[in-house]
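Participant: Sequence:
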Amino acid sequence: MRPSPTLTRLAYAAGVASLLIIGGCDDSDNNSTPASATPAVSSPVKNVILFIADGSQLEHEIAYSRYRYGTDNGVLGQSFPYKGWNTTWDVSLYNQWSWNAGRDGGTDISSIPANMAAWNSYNATPSSPWKDMFPGPAMQFSEGYMLPMLGYDPNFGGTAPFPLGSPSEPAAERYQAIPQPDLYTTPGTPIIARWGTTSPSTNEYPGADSASTATAMATGRKTDDGNIAWLPGDPAGGKLKTIAEYAKGQGKAIGVVTSVPFTHATPGCFVSHNVSRGNSAAMATEIIDEVVPDVVIGSGLNKVSYISAADQARLAAGTTAYQYVARTAAVDGSTALLDAATTVAANIAANNSGKKKLFGLFGGSYAGDLNNPVANGYGNAAGAMSYDAQGHMRHHDPTGTVVDGLGGFTYGATENPTLAAATEAALKVLSKDSDGFFVMVEGGDIDWGNHPNDYEWNLGAWHNFDLACRKASDMVTAGTNGMTWENTAVIIATDHGNSYMRLHKYYGKGVLPPATERLVVKNTAAVPNLDANIGVRWSSTKHTNELVTLYAKGPEAALNKLRQHEGAWHHGTRIIDNTHIFFAMCDMLGITPKVSYDGSGGTLTPLVPATVATD
3 MRPSPTLTRL AYAAGVASLL IIGGCDDSDN NSTPASATPA VSSPVKNVIL FIADGSQLEH
63 EIAYSRYRYG TDNGVLGQSF PYKGWNTTWD VSLYNQWSWN AGRDGGTDIS SIPANMAAWN
123 SYNATPSSPW KDMFPGPAMQ FSEGYMLPML GYDPNFGGTA PFPLGSPSEP AAERYQAIPQ
183 PDLYTTPGTP IIARWGTTSP STNEYPGADS ASTATAMATG RKTDDGNIAW LPGDPAGGKL
243 KTIAEYAKGQ GKAIGVVTSV PFTHATPGCF VSHNVSRGNS AAMATEIIDE VVPDVVIGSG
303 LNKVSYISAA DQARLAAGTT AYQYVARTAA VDGSTALLDA ATTVAANIAA NNSGKKKLFG
363 LFGGSYAGDL NNPVANGYGN AAGAMSYDAQ GHMRHHDPTG TVVDGLGGFT YGATENPTLA
423 AATEAALKVL SKDSDGFFVM VEGGDIDWGN HPNDYEWNLG AWHNFDLACR KASDMVTAGT
483 NGMTWENTAV IIATDHGNSY MRLHKYYGKG VLPPATERLV VKNTAAVPNL DANIGVRWSS
543 TKHTNELVTL YAKGPEAALN KLRQHEGAWH HGTRIIDNTH IFFAMCDMLG ITPKVSYDGS
603 GGTLTPLVPA TVATD
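Residue numbers for the sequence shown follow this note's numbering, beginning at 3 and rising by one.
Hints are computed from structural coordinates only; laboratory data are not their basis.
Predicted model, so just to flag it, every value in this text is computed and none were measured.
The reader is advised that the hints may include incorrect statements.
To be verified - Listed next, with one range per pair, are the computed distances between beta-carbon atoms:
1. Glu519 to Ser602: 24 to 34 Å
2. Asp74 to Pro237: 39 to 49 Å
3. Arg565 to Gly320: 43 to 53 Å
4. Ala284 to Gly253: 21 to 31 Å
5. Gly569 to Glu171: 21 to 31 Å
All residues carry an ideal CB built from backbone N, CA and C; glycine is no exception.
With the hints as extra help, turn the sequences into a complete structure.
Facilitator: Written as structure tokens, this is what we have:
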């Protein structure tokens, strides 16, 4: 008889037995952290520009690329020398699959069921991935015990993003996008699900949220849904130091740019810390007064849930560190923002008494603009700085500006800057720092368009995002303020998938799928039989657990920092994890991250999976 498998305990190299140290560490902010906390080591670049396409996957890129360029690979990232993909799961998703595997909480894994060998060979039942497979011991996520396949199993989801490498599509769809009716229950017993509710009906979708996924990229740590650079379980003193804070500790300039409110989950995770993404106003205060990035650009104007009236008034009064520019009636937002950036850059160069940091606040609600809420609730009065048309937040207008002879993209309100202009403004300021910089630029409204399965909105949001990526690339190529492809790395990433959109027909450049050829099968366990006329379909209005694309350009030594993580968690594949992006960026910049926020607890290294012995 085969002996029972045993699980080897492997953790961070420095020993994450120091979790108690993390939980009780000093809660001081980065401004009081000495530069010695991040000792300089050899690094291949001094600048990192990280783009994040929020709520996208390869099929969304292809849809935009076909419409705009007539090819599947027209977006900028497809021309970069590094093309890969990564997993996006978080602690909440890991635990829900663990529950579905028949485990019942806790961390006692002293014995593993004999069928672990079947697990290792990806041998499970596709129609119900983990149900009843492990009736034995508990296995909730902990940094000391982690099985990557509980977060993402390539047997169901594929070893590459669809359509590059997917197994049986119905099985993949059930695994990545379809609600799991028993996801949060043992027989007859509901458990506490994500967002603090005991009802599984709204929490049974197999996808992580933007807060936890951005935390992974910003800090190298897995956490719960909704956490902003904070440890899972929300312990006191659980703030996690971000790549931006480490870069600041090196003397580098730092910034965040987004097409949605600047305290939304993704930008917030790089320059603030909180146990809940809902505490946006508190995050804004921390950003302005404690972390103090050199550049902050986003929407949220006049929306007190994103920034308090008092903080907005302080910015406008000039009593903060920032040169402030806000949306103004009848003023072109791109021009105003770039003018402010020119002023700040000149102040830095002259080392005068003028403001040397830039804050751009846009969005807002003005009579007659097109940044209005949408009926499904994903829009809001703050608006997104994005391409709109016809009075709501729909971003494609086939009767609008003609681009290359095809129906183009109409910007909803020129009082808001384009994401490309916001990117240019940020780089004009940040690149004046002789020590280099780190900046995160988010196309946040891609996610907003994909939640309601809005094909046109995805096209417009991707257009806004791709132009921003191209602007940064052009500035590096031009050698703006000393940026070159020898000292700068540009990374184009995605935080998580959304909607499980699938393309079944090619329509050609400038052609939209007719309404009669769009199939929306939302949030149902049924996988439809496709009619031959269906050209595009969606299976969800929620986030998905798909592999997402990752592109990078820079010196070869920088790209190798990403390559070194390929297959580390899924042997025989090129898959990396979103936490690996953090470690790759640290290596690129010569940063040595620490286990705890105040620098104690040893060096932080990538999480090492538990291993299973079967002989």
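Participant: Which hint numbers doesn't this structure obey?
Facilitator: Hint 1 is the one this structure does not satisfy, whereas the remaining hints hold.
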